[in-house]
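K.L.:
My request is simple: use the sequences and hints to build the entire structure.
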Amino acid sequence: MSEGPMVDPVSPSQERQPSDYAGAIYGSLLAASVVAGTGPGQEPPHPGELIALLLATGVVFWLSHVYAHLVGERSSGLLPSARRFRAVARQDWPIVQAAVPPATAVGVGVLLGMSDAGAAWLALLVAVGSQLGWALYVAARAGATRGRMVAAGVVNLILGLVIVVLKAALTH
1 MSEGPMVDPV SPSQERQPSD YAGAIYGSLL AASVVAGTGP GQEPPHPGEL IALLLATGVV
61 FWLSHVYAHL VGERSSGLLP SARRFRAVAR QDWPIVQAAV PPATAVGVGV LLGMSDAGAA
121 WLALLVAVGS QLGWALYVAA RAGATRGRMV AAGVVNLILG LVIVVLKAAL TH
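Just so you know, we're using UniProt numbering here: the sequence shown kicks off at 1 and counts up by one.
Treat the hints as calculated values from the structure; they're not laboratory data. Treat the numbers as computed from the prediction; the structure is a model and nothing was measured. Beta carbons: idealized from backbone N, C-alpha and C, even for Gly. Be a bit skeptical, because a hint or two may be false.
Distance windows between CB atoms, simulated [as the list claims (entries may be wrong)]:
hint, residue 1, residue 2, range
1, G118, A169, 16 to 24 Å
2, E73, A168, 40 to 48 Å
3, V59, L125, 32 to 40 Å
4, V162, Y21, 16 to 24 Å
5, A82, A168, 17 to 25 Å
6, S76, A169, 41 to 49 Å
7, G113, G37, 19 to 27 Å
8, A56, L111, 15 to 23 Å
P.N.:
See the structure below:
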C-alpha cells in the first residue's frame, strides 16, 4: 500500500545543528567572484554599489541554496515544514555571513581614503583570506594532520589566487 508524502522528520537535535562551514567557504569564494566580476576592463563600481552587490548576492545565493535543499527533500517524498525551513536556512546562513567581511573591507577602504579600485582590491583580498581561514579552521577542527592542513591551505589559496589572477587579467 502506497503511503502519501512523509512529513519532515526533524528532531530538535537536527534543528539545532551547527552551521555548515562549507557555506562559509563557498560564500567567501562567491564574494571574491562578485568583486572579480565587477567592472572588468572598466572603472570599478562605486563602493556603495559594491557593498550592495556583495550583500545582495550573498542573500540571493543563500535563498537559492535553501530553496534547492528543500525542493531536493521534496523530491524524496518529504513535505517541508516551517521547522525544516528554519533549520536549513540557519545551516546555510554562513553564505550570507561570508559577504560581510569583504563588504566591510570596502567601507574601511573608503574611510582610509583608498580609491574605488583600491577598496575593491581590499575586498577581494579579504574574501580570499576569509576563504583560506575558514578552510584551515575546518581542517583543524576535523583533526587534520599538519600535512593535510598545509594541503587544504594550498588548495584553497590556489582557488583564491585563480580569482585574483582572473580579476587582474580582466581589468587590464
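K.L.:
Next step is simple, just say for each hint if it's right about the structure.
P.N.:
For each hint, the structure was consulted:
1. G118 with A169: 16 to 24 Å: Roughly 18 Å apart at Cβ, these two residues keep to the hinted range, so it holds.
2. E73 with A168: 40 to 48 Å: holds, 41 Å
3. V59 with L125: 32 to 40 Å: violated, 23 Å
4. V162 with Y21: 16 to 24 Å: holds, 21 Å
5. A82 with A168: 17 to 25 Å: The hint (17 to 25 Å, Cβ to Cβ) is violated, given that A82 and A168 are roughly 46 Å apart.
6. S76 with A169: 41 to 49 Å: holds, 43 Å
7. G113 with G37: 19 to 27 Å: holds, 25 Å
8. A56 with L111: 15 to 23 Å: holds, 22 Å
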